[in-house]
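Visitor: Next come the chains, spelled out residue by residue.
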Amino acid sequence: MANSTALLITGEPHQDPYADDQAVDLESLAGLGTVEGAILHLDGDADLALLKEDLPSFKVIVIDFPNFADGLGFSLARALRQAGYNGWLRAKGHLIPDQIRHLAASGFDDLILSDDLAERMPPIHWQDVAANALPNYQAQVLEA
Amino acid sequence: MYRYNDFDETFVRQRVEEFRHQVKRRVDGVLTEDEFKPLRLQNGLYLQLHAYMLRVAIPYGTLNGLQMRQLAHIAETYDRGYGHFTTRQNIQFNWIDLPRVAEALSDLADVEMHAIQTSGNCIRNVTADHFAGAVAGEVEDPRVLAELLRQWSMGHPEYAFLPRKFKIAVTGSDDDRAVVAFHDIGLKLRRNEAGVIGAKIYVGGGLGRTPRVGRVLRDFLPIDDLLPYIDQILHVYNRYGRRDNKYKARIKIMVDELGIDEVRRRVEERVNLTRDEVKPLSASLMASIRSAFAAPDFSQAPAPISGHDFALPTGYDAWLATNIHDHRDPRHAIVSISLKDHGATPGDASADQMRAMADIAQEFGYDELRVSHEQNIILPHVAKAHLPQVYDRLKKAGLATANIGLISDIIACPGMDYCALATARSIPIAQDIATHFDSLKLEHDIGPLKIKISGCINACGHHHVGHIGILGLDRAGVENYQITLGGDGTEAATLGERLGPGFPAEELLGAIDSIIAVYLEGRRDRTETFLEYTRRVGLTPFRQRLYPALKSTAKKEANAPVLERAS
Amino acid sequence: MTQVITANDFASGGVVYLSKEGWQGDLNQALVFDNDQTAADALAAHNIPSEVVGVYAIDVAINACEIKPVHIREVLRAEGPSPRVLTAQPNPSSQQGDRHVSL
Chain L
1169 MANSTALLIT GEPHQDPYAD DQAVDLESLA GLGTVEGAIL HLDGDADLAL
1219 LKEDLPSFKV IVIDFPNFAD GLGFSLARAL RQAGYNGWLR AKGHLIPDQI
1269 RHLAASGFDD LILSDDLAER MPPIHWQDVA ANALPNYQAQ VLEA
Chain U
6 MYRYNDFDET FVRQRVEEFR HQVKRRVDGV LTEDEFKPLR LQNGLYLQLH
56 AYMLRVAIPY GTLNGLQMRQ LAHIAETYDR GYGHFTTRQN IQFNWIDLPR
106 VAEALSDLAD VEMHAIQTSG NCIRNVTADH FAGAVAGEVE DPRVLAELLR
156 QWSMGHPEYA FLPRKFKIAV TGSDDDRAVV AFHDIGLKLR RNEAGVIGAK
206 IYVGGGLGRT PRVGRVLRDF LPIDDLLPYI DQILHVYNRY GRRDNKYKAR
256 IKIMVDELGI DEVRRRVEER VNLTRDEVKP LSASLMASIR SAFAAPDFSQ
306 APAPISGHDF ALPTGYDAWL ATNIHDHRDP RHAIVSISLK DHGATPGDAS
356 ADQMRAMADI AQEFGYDELR VSHEQNIILP HVAKAHLPQV YDRLKKAGLA
406 TANIGLISDI IACPGMDYCA LATARSIPIA QDIATHFDSL KLEHDIGPLK
456 IKISGCINAC GHHHVGHIGI LGLDRAGVEN YQITLGGDGT EAATLGERLG
506 PGFPAEELLG AIDSIIAVYL EGRRDRTETF LEYTRRVGLT PFRQRLYPAL
556 KSTAKKEANA PVLERAS
Chain V
754 MTQVITANDF ASGGVVYLSK EGWQGDLNQA LVFDNDQTAA DALAAHNIPS
804 EVVGVYAIDV AINACEIKPV HIREVLRAEG PSPRVLTAQP NPSSQQGDRH
854 VSL
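Residue numbers (my numbering), protein chains in the order written: chain L, 1169 to 1312; chain U, 6 to 572; chain V, 754 to 856.
The set of hints was computed from the structure by calculation and includes no laboratory data. For every residue, glycine included, the Cβ atom is placed at its ideal position computed from N, Cα and C. Please note: incorrect hints may appear among the correct ones.
[Unchecked claim] Here's a subset of chain L near chain U, in silico, CB distances under 7 Å, partners left out: (1) Ala1237; (2) Asp1238; (3) Phe1242; (4) Ser1243; (5) Arg1246; (6) Gln1250; (7) Asp1266; (8) His1270; (9) Ser1274; (10) Ile1280; (11) Ser1282; (12) Met1289; (13) His1293; (14) Leu1302; (15) Val1309.
Required output: the full structure, derived from the provided sequences and hints.
Guide: Here it is in structure tokens:
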């Protein structure tokens, strides 16, 4: 992903360790010999049942956010983590700094911003929001 | 009522700061208006026709005198001296300036209030029976569950960008005063055979463009299991709810399209999958919530006075007949304060009136007030001995209209006078109807009758569940009003049926007049209510009167007001 | 169709119309467009997020020197809520903001 910025969910930019890796999507999975180490791109309507056995084998899963107001990716991420995925989870697409705590809580490790977005919302804004993130109410209602 | 702990307090304060920064990011161009809009909506800031509107949350419609006084302060400091109470137990201020919103939110935080998630595609204010904790026969005060859900839904990171808004209502009583059957999730508290408290779960109810009665997802689920279950309902909705079409994005459409059984299967599959990682509810928090909603000590109330040592104010008996409801404690009553003075805007209260209600609540009402979804204010606990004084004070504040549940107790959305979504005005219609029947002095004779008016198909006036529902539409640029009859928002959960072609504004009052005439002429006796009569005879007698097979001029005459002033 | 361009002021949310001098609250000062294309061009040129939100064109009729919206919704936006709605509300004396001009 040449024209983009990778931000950790603290808002700090980092060198994308997966920049040159090959991406696959759900459709092309079946044709692969092995899923070992592949970077899987998922759209919102991905059927996670198809992935069940393979989940531990992926090193990176990328979830696309076609529009920041479309929060499907947050549930997809949570479902992946609950299904036992422990690899790197990345968000890509249209996101805004005010969503960084939503990404963090849903289990994402980093996000990729296009150059256009990164120019309008440089990392400082993401770091700012992350540093002042609202505390988590949901944990409050549960036993520690 | 529930009082904030340190966490609650910190959260609302931080939220105000977060909003300040969001405004700055918008002003500086970091965020586009499209990106800023959901953020401001989720802080209650709506753009209406003439100005921004701030919708302040009143969780499950409960507030105390201090909070009511602060709403008066907000009205005077940031707005035009009044507020509008809504059909979801919130309050709206119509004339707010964006640069002052953070300050207003900070003033609200000073009294444990906020405007969080009162708009936007997120979980909205959880509403509850406005008689909660005051009426007899409740399984448990529904506000315990409502407060738990409020905290759980507040700032929920997974559910902040849902396909559409999400509304939850709770009732603790078999009498459904919370319209639970018409919410995205409706919860009715009940006991199972073993006496365990839990809830019946309805899903996919709603009004608007495609009204639906909620379908039963689960007949009974113990309270302790509710939160993980509701979590998975939201999760399934967020995954599978439609996002391609705004008008098909509510969960009711997902239930239509997948079927209730498939929705249940998906929800319960996920409940089972995640069972091991679910932590139990915090026992200490639940204990503090439960104790916050424990009934006040009613034993100190003076016994009702049998004789009076002072003259009762004029109008007291009429007010007693309409505005009082039985309380669980025999020495107390539930008082409804009507915000439907004839000719006024339904649901509006001035800052002075808010302060008067706050004073009365603190002096006579155990410092508690409620907002009903019918846009009136409730004093849930008033000693019967104090009723004459309460009436007297209400009367001085212009809050003693004796019309609760009568034809002039109209529910109306703000309509095209305020709302950018509206296709017709609703407030002038409500004014016309109320003043007309007041002038005829027929209200008490007509008896219980709920008129609900919506200024557009989104149905914020709940017209689908009015005994008479009025829907204002745009017909070739002219306001046109359709009438439905026989709706019922209680546990009977019935959608009104359309009477026929709509009426232009100048003919609408005549049509309502004719409808009432049909009822008064045809009812068995005074004890048969309008709704009972309509159920018994159906719509034909009304259609015959309103749409006779005559020429158009004759039709106009037939629709002219026919009722004579009662002698 | 004769049109003017309208929007809401970003800060106050108040109703504004595009005039020769930019965005302001008086409908009778609005620039009048007889042509869809020039209206669209003006709209695009003045759609400045720091100033206004929700920019769109509305149909109007010109009577003598007065501009009057065709649709009732736009009449309400120009004039404010129906007069009897305002007088029926608490504190009617504080209702008339200076952002509205009666037609």
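Visitor: What hint numbers does the structure not satisfy?
Guide: 10, 11
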